[in-house]
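Student: This is what each chain is made of:
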Amino acid sequence: MTKAATVAKKPKKAAGVKAKKVAVDQPLQVDEGEATVGQSFTDKAKMTMRNINVFYGDKQAIHDVSIDIAQNEVIAMIGPSGCGKSTFLRTLNRMNDTVEGCRVEGEICMDGENLYSPSLDVVELRARVGMVFQKPNPFPKSIYENVAYGPKIHGLADTRVDLDEIVENSLKKASLWEEVKERLHQPGTGLSGGQQQRLCIARAIAVSPEVILMDEPCSALDPIATAKIEELIEELSQNFTIAIVTHSMQQAARVSNRTAYFHLGKLVEVNPTEKVFTMPEHKLTEAYITGRFG
Amino acid sequence: MQATNILILILALGIFAFYIGRGRSLAMAKPLGGIRNLHSLPSYYGAYTALWCALPSTILLCLWMIFDEPLINSLVMGSISDQLADDSLATYNLQLNKISNIAEGILSSRGQSPELLIAADYMSRLQTMSQWSLTALMLCLTMAGLFLGSSKIDPAFRARPVVEKVMQNLLLACACLAIFTTLGIVLSVLFESLQFFRSVPAHEFIFGLEWSPQTAIREDQVGSSGSFGAVPLFVGTLLVSAVAMVVAVPIGLMSAIYLAEYASKSVRAVAKPTLEVLAGIPTVVYGFFAALTVAPFIRDLGTSFGLSVSSESALAAGGVMGIMIIPFISSLADDVITAVPQSMRDGSLAMGATHSETVRRVIIPAALPGIVGGIMLAVSRAIGETMIVVMAAGMAAKLTANPLESVTTVTVQIVTLLTGDQEFDSPKTLAAFALGLMLFTVTLLLNIFALHIVKKYREQYE
Amino acid sequence: MSKPMNNVQKIQHSLTKRKRAETRFRWYGRIAILIGLAAVMMLFTDIISKGHGAFRVTYIQLEVEYDQGLIGVTNLTDPAQLQDGNWGAIPKAALRAKFTDVSGRRDKRKLYGLLSNGAGFDLKDRLVANPLLLGEKERIWILADDDIDTYYKSWLDGEPYAARMSDKQMAWIDQLHNEGNIRLQFNSNLFTRGDSREPEQAGIRGAIMGSLFTLILTLLLSFPIGVSAAIYLEEFAPKNRWTDFIEVNINNLAAVPSIIFGLLGLAIFINFFHVPRSVPIVGGLVLTLMTLPTIIITSRAAIKSVPPSIREAALGMGASKYQMVLHHVLPLALPGMLTGAIIGMAQALGETAPLLMIGMVAFIVDIPAGFTDPATVLPVQIFLWADSPERAFIEKTSAAIMVLLSFLIVMNTTAVWLRKRLERRW
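Sequence lines, in order, name chains F, C and Z.
For what it's worth, my numbering labels the leading residue of the first sequence as 1, then goes sequentially.
For what it's worth, my numbering labels the leading residue of the second sequence as 1001, then goes sequentially.
For what it's worth, my numbering labels the leading residue of the third sequence as 2001, then goes sequentially.
No lab work stands behind these hints, which were simulated from the structure alone.
Errors might be hidden in some of the hints.
To be verified - The following label-pair restraints were derived from C-beta to C-beta distances:
(1) Ala1401(C) with Lys2239(Z): 45 to 51 angstroms
(2) Pro1341(C) with Glu274(F): 34 to 40 angstroms
(3) Ile2048(Z) with Ile1206(C): 52 to 58 angstroms
(4) Leu1170(C) with Arg2421(Z): 27 to 33 angstroms
(5) Pro1341(C) with Arg2241(Z): 28 to 34 angstroms
Claimed, not checked - In silico EDC-like cross-links for lysine to aspartate or glutamate, where the CA-CA straight-line distance does not exceed 16 angstroms:
(6) Lys1455(C) with Asp1335(C)
(7) Lys2010(Z) with Asp121(F)
(8) Lys2010(Z) with Glu100(F)
(9) Lys59(F) with Glu124(F)
(10) Lys152(F) with Glu124(F)
(11) Lys135(F) with Asp1346(C)
(12) Lys2019(Z) with Glu124(F)
(13) Lys2017(Z) with Asp121(F)
(14) Lys172(F) with Glu235(F)
(15) Lys1456(C) with Asp2244(Z)
(16) Lys2092(Z) with Glu2065(Z)
(17) Lys2153(Z) with Asp2174(Z)
(18) Lys2010(Z) with Asp162(F)
(19) Lys2124(Z) with Glu2065(Z)
(20) Lys2098(Z) with Glu2065(Z)
(21) Lys1455(C) with Glu2247(Z)
(22) Lys1165(C) with Glu2065(Z)
(23) Lys2304(Z) with Glu2247(Z)
(24) Lys2017(Z) with Glu124(F)
(25) Lys1455(C) with Asp2244(Z)
(26) Lys2010(Z) with Glu124(F)
(27) Lys2019(Z) with Asp164(F)
(28) Lys2321(Z) with Asp1346(C)
(29) Lys181(F) with Glu165(F)
(30) Lys1265(C) with Glu100(F)
(31) Lys173(F) with Glu230(F)
(32) Lys46(F) with Glu73(F)
(33) Lys2124(Z) with Asp2084(Z)
(34) Lys181(F) with Asp164(F)
(35) Lys173(F) with Asp121(F)
(36) Lys2098(Z) with Glu2198(Z)
(37) Lys152(F) with Asp164(F)
(38) Lys172(F) with Glu124(F)
(39) Lys2092(Z) with Glu2138(Z)
All C-beta atoms, glycine included, are put in the ideal place defined by N, C-alpha and C.
Extracted from the complex, chain F is given alone in its bound form (with noise of 0.2 angstroms):
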């Protein structure tokens, strides 16, 4: 714990000479030994994380973060940019795998099932928690391709009736349907950006996942294609439990039931989104929301 705090020391002050320009009498600072404020835990959690910490080689990204996924809920998370929200949301499909010298300490539970040990199979556990990222990805194959992707590796559609069926479903889930069923053969990398992202999306639900995590979805979207994304996330939430990192909090407000905060690799406060915009109970939190800093 030593080492993590001389690493933290480094960046809080740069925070600290950031945060002095506009609140000169009250010096900005993530605490070290406070704990999250707010309702980190629920009683349904479909995921529980406790005393998380990820380490990049020396460097500590992620400083003891607790904190509970509720069944089909939409969590958001927000914060200034390199606080750590992304690697969070990494940790929780294992995605930081791929990331070489990346390290997470603490315990991940999906339904009790500790998503770190090492009998649990990470290809099983991606497939249960599926993921979008910032940037579109899809495929350089067909728009047909891309969402039979997951089901064909795993092995879901017996027959190919069954798997157009899936293809079908999972592309009007997205709502991309209507607009891409004439041409679904036709490469996906000729769609829009917008549409991009909802086939990544489409490309995702299609092995039905129990939770998606979003990584700055609409980041790289206009706004029309935005809007049509949080709309898609909305009716989403029906069937899926999401997380979302967005570092628009207009977007965390329109799309969560509930919000977690990051501050510097800490997670500062975690509270119903409504309450999180009106009445933050962090300071840091309220600062940050009134464009203090971020």
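Given chain F, put chains C and Z in place with the hints provided.
Tutor: Just chains C and Z now, with coordinates in the frame of chain F:
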């Protein structure tokens, strides 16, 4: 060599001129109050003078060297043309060689016919004259350039733009050398091939099934009975290349995938340069290895299985060629695979695909154009590879698809037809150029196509 | 929600198979790498195991007498006498003196076959260098014949190769060995002599000098031209069709088979410009054209890696474009260009095929002393020796390959070192 000395002289004078020009401009600047009153820096005036001094004379020297010998030869031969036995090209060349050898003192003048001696004397006189006049001309030209250049120096004279313009044209000329090389290749190969196709019809060459150029040695048999059907050579080339690709493509591709996707840093740091050692080994070494180690080994192995394997089997040559091409394919494929954006990998892994599924179903399809381009470049290399097949493949043109037999290739035939003292204009040597034309055309098309694909691919993920 | 459960089961069901496929795939990769590495190992062990013997060669110690009557030479400063002297008689007499019981023409021929054909000329050189020896006797180590050399080396290794040996010869060698009058010495001939039909006398000095002259010319021509072309294309060329055409040409030339350059050299340089055959000049010209694309491409990459900010800074100070290139871009790009030049030279050093076309494949005994002397180059020498039927040439060829590879390794290591040492990361 006289020309080298003259060239060195010109260079020395050029450097001298540089200092003259610079000194002159400095002297002019002094009364005006320093070099800031000159339009350009003193070194530009120096360079200007040096260019005037050295450039025209160098150009003239090159022209002189090109036209000097043919001119002298035609003068000499013109003087004895009425004494030639016949006016065929062969006699002409023979006599010319004799004369020049006598003139240079290589051939003893004892026992030669007086006409030849006179001609040789005439030739050496002409040569001496040419040397002297060249030297004198060069001296005049450089001096004239020196004076002209330095006389133009003036504080208001804009030396820098002029010098830079000339320099830029020189640079352009260097860049255009690539075009001239291509042009030279096309012209030389095409010209000789056309001559060849005059004695052997093109369709006979391209579609003929029998290759035995040896019979054309006797003058009276030119083209008529020597058969120049190149199909067996094409088939042999393809067979050897195919064996090479069967070895190189899977190994090269799989090692590239392993190095790019799986290998730890330390494995990569050792394996990659070691594989690239294979690319740096000269082909003649591979040829030696194929002929003396691999071919006997394969033959013995085949014999122990009861197969009759030629000691110059296509399998041995092709296999070793494949080993040579492994690093070529693996480094190209490595580049292409690492160019596939990480987001593709993330997208697939996040779907729960295993690493190999990601590689096979996403990365390879995404990298396919680049990989195909790389493989085509490798094919073009295999087709044009010479030393391995010269040393390890056979000479006999056989129309077979059996890799255990001995075949011959286009490059082998070019080498055998052109080494040794052949009369240059016999169909046998000309056939080599026709084969060269085929080789050049095929590899050129492959290269252009492959480079185009690879370039398009790179732009896609820029 | 029964469907997700169903899916999870399906996924779990598929997992074993997929895991196995994953492991298999990894192994394919490992095997491919291992095959590649094994090929490198095999190649080197094969060459070294074949060639290491050539660095030592068999010598036989004999008592020789520089008998004036026998040689027919009285005055060692008279070239005519030296030319006509019967030098071969000295070693023959020495052999007869050693093995007095040999009689009959066949046996005598076998006996003389113990020593190299050139042994007499070696003694002549020794005598000319030490004129006082004329008329004297001395014990001296004399170069043995290549068959004897092959036999003696294999005999020492315990697997005698006696295909070209007679029983008498083997007995003589036994005797010499027991007396300590036959031994292996460092083969200095390999590095000091030119080519020869006799394997024991053949050396690679001629080929090395030929390669040296050819490479010097190639470097002198291709480096300045290549760098100039690269500068033009990167810094001055307008973006138009002509420039594109030049680029396409360069890229294609880099991939044209080398033998085509040989045809070009034959048709243009030799038949059109009448440059003499077999000389380093024409070899250098052909190799220049061949390496030019490599040098241009690497030089362009080096120029490209200089960040635009430096160019802008220079231009912003009011430097002309030339001053910018000359003062800023070139010095920064130079390490990269040198690396490219070394790689190009290594490529040229190993090239064989185009040189066969322009007559550098001739049998040349004399060591070339300049750019216009007939010469061969190291890889062509390897090719020539590899083609020779004498068994002793296998060893020689491998040794020449070892020398060639050492040159190449030194060059490439220098290039890597240079790149690591001097190249800046921006």
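Student: Quickly compare the C-alpha distance for lysine 2010(Z) and aspartate 162(F) to 16 angstroms and report which way the hint goes.
Tutor: holds, 14 angstroms
Student: Decide if the proposed pair is consistent with the structure: lysine 2321(Z) and aspartate 1346(C), CA atoms, cutoff 16 angstroms inclusive.
Tutor: At roughly 45 angstroms apart (the allowed maximum being 16 angstroms), aspartate 1346(C) and lysine 2321(Z) break the hint.
Student: Next pair to validate is lysine 181(F) with aspartate 164(F); report whether the Cα-Cα distance is within 16 angstroms.
Tutor: With a Cα-Cα distance of about 11 angstroms, the restraint between lysine 181(F) and aspartate 164(F) holds, given a limit of 16 angstroms.
Student: Hinted pair, alpha-carbon criterion (16 angstroms max): lysine 59(F), glutamate 124(F). Please report holds or violated.
Tutor: Answer violated: lysine 59(F) to glutamate 124(F) is near 29 angstroms, above 16 angstroms.
Student: Measure nothing beyond the straight line between the CA atoms of lysine 2304(Z) and glutamate 2247(Z); if it is 16 angstroms or shorter, mark the hint as holding.
Tutor: It holds: about 15 angstroms lies between the C-alpha atoms, which stays within 16 angstroms.
Student: Mind checking the alpha carbons of lysine 2019(Z) and aspartate 164(F) for me, to see if they're no more than 16 angstroms apart?
Tutor: At roughly 27 angstroms apart (the allowed maximum being 16 angstroms), aspartate 164(F) and lysine 2019(Z) break the hint.
Student: Taking 16 angstroms as the top limit, are the C-alpha atoms of lysine 2017(Z) and glutamate 124(F) close enough?
Tutor: Holds, because 13 angstroms separates the two Cα atoms, which is no more than 16 angstroms.
Student: Quickly compare the C-alpha distance for lysine 2124(Z) and aspartate 2084(Z) to 16 angstroms and report which way the hint goes.
Tutor: This hinted pair holds, its Cα atoms lying about 12 angstroms apart.
Student: Holds or violated: lysine 1456(C) and aspartate 2244(Z), Cα atoms, limit 16 angstroms.
Tutor: holds, 15 angstroms
Student: What's the verdict on lysine 152(F) and glutamate 124(F), does the C-alpha distance respect the 16 angstroms limit or exceed it?
Tutor: holds, 14 angstroms
Student: Can you confirm whether the C-alpha distance between lysine 1455(C) and glutamate 2247(Z) stays at or below 16 angstroms?
Tutor: holds, 12 angstroms
Student: Within 45 to 51 angstroms or not, the Cβ separation of alanine 1401(C) and lysine 2239(Z)?
Tutor: holds, 48 angstroms
Checked against the numbered hints above, the structure breaks hints 3, 8, 9, 22, 27, 28, 35, 36, 38 and satisfies the rest.
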